[in-house]
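Trainee: Residue strings, one per chain:
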Amino acid sequence: MKAFDYYRAESPADVIGTDARPIAGGTNLLDLMKHQVETPDRLADVNHVGLDGIERDGDGLRVGALVRNSDLAADPSVREGWPLLSRAILAGASGQIRNRATTGGNLMQRTRCYYFYDLDTPCNKRAPGSGCSAIGGVNRIHAILGASGDCIATYPGDMAVAMSALDAVVEVEGPNGRREIAATDFHRLPGDAPQRDNDLQPGEMILSVRLPAPLGGKHIYRKVRDRRSYAFALVSVAAVVVMDAGRMSTVRLAFGGVAHKPWRVPAAEALLQGQAPSPDLFDRAADAVLDGATGQGHNDFKIPLLRRTLNAVLAEATEGSK
Amino acid sequence: MDVTLTVNGAQRTLQLDDPRVSLLDALRQRLDLTGTKKGCDHGQCGACTVIVNGRRINSCLSLAVMHDGDEITTIEGIGQPGDLAPMQQAFIRHDGFQCGYCTPGQIMSATAMLDEVRQGWPSQLSGDLGPAELTDDEIRERMSGNLCRCSCYPNIVDAIRDAAQGGDRANAEDAA
Ligand SMILES: Cc1cc2nc3c(=O)[nH]c(=O)nc-3n(C[C@H](O)[C@H](O)[C@H](O)COP(=O)(O)OP(=O)(O)OC[C@H]3O[C@@H](n4cnc5c(N)ncnc54)[C@H](O)[C@@H]3O)c2cc1C
Ligand code: SF4
Ligand code: FES
Ligand code: FES
Numbered sequence: 099m100k101a102f103d104y105y106r107a108e109s110p111a112d113v114i115g116t117d118a119r120p121i122a123g124g125t126n127l128l129d130l131m132k133h134q135v136e137t138p139d140r141l142a143d144v145n146h147v148g149l150d151g152i153e154r155d156g157d158g159l160r161v162g163a164l165v166r167n168s169d170l171a172a173d174p175s176v177r178e179g180w181p182l183l184s185r186a187i188l189a190g191a192s193g194q195i196r197n198r199a200t201t202g203g204n205l206m207q208r209t210r211c212y213y214f215y216d217l218d219t220p221c222n223k224r225a226p227g228s229g230c231s232a233i234g235g236v237n238r239i240h241a242i243l244g245a246s247g248d249c250i251a252t253y254p255g256d257m258a259v260a261m262s263a264l265d266a267v268v269e270v271e272g273p274n275g276r277r278e279i280a281a282t283d284f285h286r287l288p289g290d291a292p293q294r295d296n297d298l299q300p301g302e303m304i305l306s307v308r309l310p311a312p313l314g315g316k317h318i319y320r321k322v323r324d325r326r327s328y329a330f331a332l333v334s335v336a337a338v339v340v341m342d343a344g345r346m347s348t349v350r351l352a353f354g355g356v357a358h359k360p361w362r363v364p365a366a367e368a369l370l371q372g373q374a375p376s377p378d379l380f381d382r383a384a385d386a387v388l389d390g391a392t393g394q395g396h397n398d399f400k401i402p403l404l405r406r407t408l409n410a411v412l413a414e415a416t417e418g419s420k
Numbered sequence: 029m030d031v032t033l034t035v036n037g038a039q040r041t042l043q044l045d046d047p048r049v050s051l052l053d054a055l056r057q058r059l060d061l062t063g064t065k066k067g068c069d070h071g072q073c074g075a076c077t078v079i080v081n082g083r084r085i086n087s088c089l090s091l092a093v094m095h096d097g098d099e100i101t102t103i104e105g106i107g108q109p110g111d112l113a114p115m116q117q118a119f120i121r122h123d124g125f126q127c128g129y130c131t132p133g134q135i136m137s138a139t140a141m142l143d144e145v146r147q148g149w150p151s152q153l154s155g156d157l158g159p160a161e162l163t164d165d166e167i168r169e170r171m172s173g174n175l176c177r178c179s180c181y182p183n184i185v186d187a188i189r190d191a192a193q194g195g196d197r198a199n200a201e202d203a204a
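One line per chain: the protein sequences are B and Y, in this order.
The opening position of the first sequence corresponds to residue 99 in the working numbering, with each subsequent residue numbered one higher.
The opening position of the second sequence corresponds to residue 29 in the working numbering, with each subsequent residue numbered one higher.
Worth flagging that the hints you see were computed from the coordinates, not collected in a lab.
In this text the structure is predicted, and so the values were computed from the model without any measurement.
Each hint should be verified, as a subset may be incorrect.
Heads up, simulated EDC-like pairs for lysine to aspartate or glutamate below, C-alpha to C-alpha not over 20 Å straight-line [said to hold, decoys possible]: (1) K100/B to D45/Y; (2) K100/B to D218/B; (3) K316/B to D173/B; (4) K100/B to D46/Y; (5) K316/B to D156/Y; (6) K132/B to D45/Y; (7) K100/B to E136/B; (8) K316/B to D265/B; (9) K100/B to D139/B; (10) K66/Y to D53/Y; (11) K100/B to D53/Y; (12) K132/B to D218/B; (13) K132/B to D46/Y; (14) K316/B to D157/B; (15) K66/Y to E104/Y; (16) K316/B to E414/B; (17) K316/B to E178/B; (18) K132/B to D216/B; (19) K132/B to D156/Y; (20) K132/B to D53/Y; (21) K316/B to E417/B; (22) K316/B to D342/B; (23) K132/B to D103/B; (24) K100/B to D117/B; (25) K100/B to D69/Y.
Go ahead and model the full structure; you've got the sequences and the hints to work with.
Mentor: Pasting the structure below:
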């Protein structure tokens, strides 16, 4: 690990607008610092700034950036109104890690691309301009949607996929004040600047995430991976489906493990909304989701896997409803 | 910088000249509490699991300075030879180890995990997110952050199930 200065921040003001790197649970940042992929000069320990509560916000909820993943998943109102979020969090990492991991840190977690972790190989995300070792290399876990010629990494997290489907809003503050970013737009596509994972600007800090009013219906988070537990998603599907008189009156879908951000396709949701469920319709929705999907070799299997997983999730969400 | 930790009930102050000390290294190298093990040092194996302010965490992915003022319980703190905790006894009874390297982490993790179940925390197996019954599948899921290179998983699950039930079966066996 490279040397760094450390201070304990007492309030967000001790962090916002500084060049210090926040450390929350430390479960991603310290891992990367040990590998010297991350080499911050100064760490601001944000564990004592507050922002650790879950509050009502009209019909919605406001979740502080320092709320631990375990607390968020177990919160009675979240389990009741936004079970998709509990399910996505519980599908990730381990009990120990969820006890430390925070809402803000989870959103900011970096890719698990093997080359990003390996200082001996070119990687545009770690060392801009050095090249991408995953293109033409080992790329079983990489993106099938929205990739660029400079980076084909995925955003690896689960929580943000649920937040995207739930139309959550990330509240951030920088030296010029506060602003809001839709969870769906928080992460960006790699383009020609893959070193930037998301839209957070230097000096900005995540304060909270706002969940709009509950949608009701069925909430399913289906994560497909190499082990049943404690493994990142190869493909995941977050779905909220509300049925009314035999038709899908509300449909929200987001996909994890397939792109540099949680993947949302409004056209696929529009296709399903207002319709009676049928395998043929589900398949057409999958066509819309997979529009432009490209395999990189080892990850070609993700294309049919995403289709089958979406089909299974939609069948489960609509089964037995009138 | 001074870091004060309450470790197994006793206050300990460390003078660190560099913040680059993980909680795990502080426990093992500065406080001579070598029961807590270093497996991967990257959050992937659970060998370093300790309980901080009542919750199980991976001590390798935390800096000691971040824990100034915290209460930490290690394997040495839950029981000692001659006065072992029920979970430690259950691991011995069920032969829940081979080399024993993962065992302190398994025992600390299982101890805190049973508390989480008592508090009604759901797992990814709790379909309706309601209070969970501690089936073997639930034990495996909730313990997935603790790997065992010797693959003693069946006996680990037996030990945890037994400890969760208050060691009833073992007591019955002892009586027989
Ligand atoms: C073995 C292992 C398995 C895992 N499996 C999964 C999995 O299956 N699914 C999954 O989703 N995740 C998984 N994770 C990742 C885990 O969810 C993240 O490490 C965790 O959520 C990060 O949160 P943290 O609070 O520890 O962040 P930290 O490590 O403290 O910080 C991460 C980043 O966030 C920044 N940051 C933190 N708080 C703020 C803030 N308020 N404002 C701005 N920036 C901030 C930090 O500067 C840093 O860049 C796994 C991790 C490990 C080690
Ligand atoms: S996919 Fe992205 S993160 Fe992986 S090697 Fe290429 S540039 Fe680096
Ligand atoms: S040593 Fe901490 S998880 Fe492996
Ligand atoms: S007993 Fe050897 S690693 Fe678990």
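Trainee: Against each hint, give a clear statement of whether it holds in the structure.
Mentor: Results for each hint:
1. K100/B to D45/Y: holds (14 Å)
2. K100/B to D218/B: holds (17 Å)
3. K316/B to D173/B: holds (18 Å)
4. K100/B to D46/Y: Given that 20 Å is the threshold and the Cα spacing comes to 11 Å, the pair holds.
5. K316/B to D156/Y: Measuring from Cα to Cα gives roughly 11 Å; hence the hint holds.
6. K132/B to D45/Y: It holds: about 18 Å lies between the C-alpha atoms, which stays within 20 Å.
7. K100/B to E136/B: holds (9 Å)
8. K316/B to D265/B: holds (16 Å)
9. K100/B to D139/B: holds (8 Å)
10. K66/Y to D53/Y: Distance of about 9 Å is within 20 Å: holds.
11. K100/B to D53/Y: Holds, at roughly 17 Å.
12. K132/B to D218/B: Measuring from Cα to Cα gives roughly 15 Å; hence the hint holds.
13. K132/B to D46/Y: holds (15 Å)
14. K316/B to D157/B: The given pair, whose Cα atoms are some 19 Å apart, holds under the 20 Å limit.
15. K66/Y to E104/Y: Given pair K66/Y, E104/Y holds - Cα atoms ~15 Å apart, limit 20 Å.
16. K316/B to E414/B: holds (9 Å)
17. K316/B to E178/B: holds (11 Å)
18. K132/B to D216/B: Given pair K132/B, D216/B holds - Cα atoms ~12 Å apart, limit 20 Å.
19. K132/B to D156/Y: violated (39 Å)
20. K132/B to D53/Y: Cα-Cα ~13 Å, so holds.
21. K316/B to E417/B: holds (10 Å)
22. K316/B to D342/B: Between K316/B and D342/B the Cα gap is close to 12 Å, so the pair holds against 20 Å.
23. K132/B to D103/B: holds (15 Å)
24. K100/B to D117/B: holds (17 Å)
25. K100/B to D69/Y: holds (16 Å)
Going down the numbered hints, you'll see the structure goes against just number 19.
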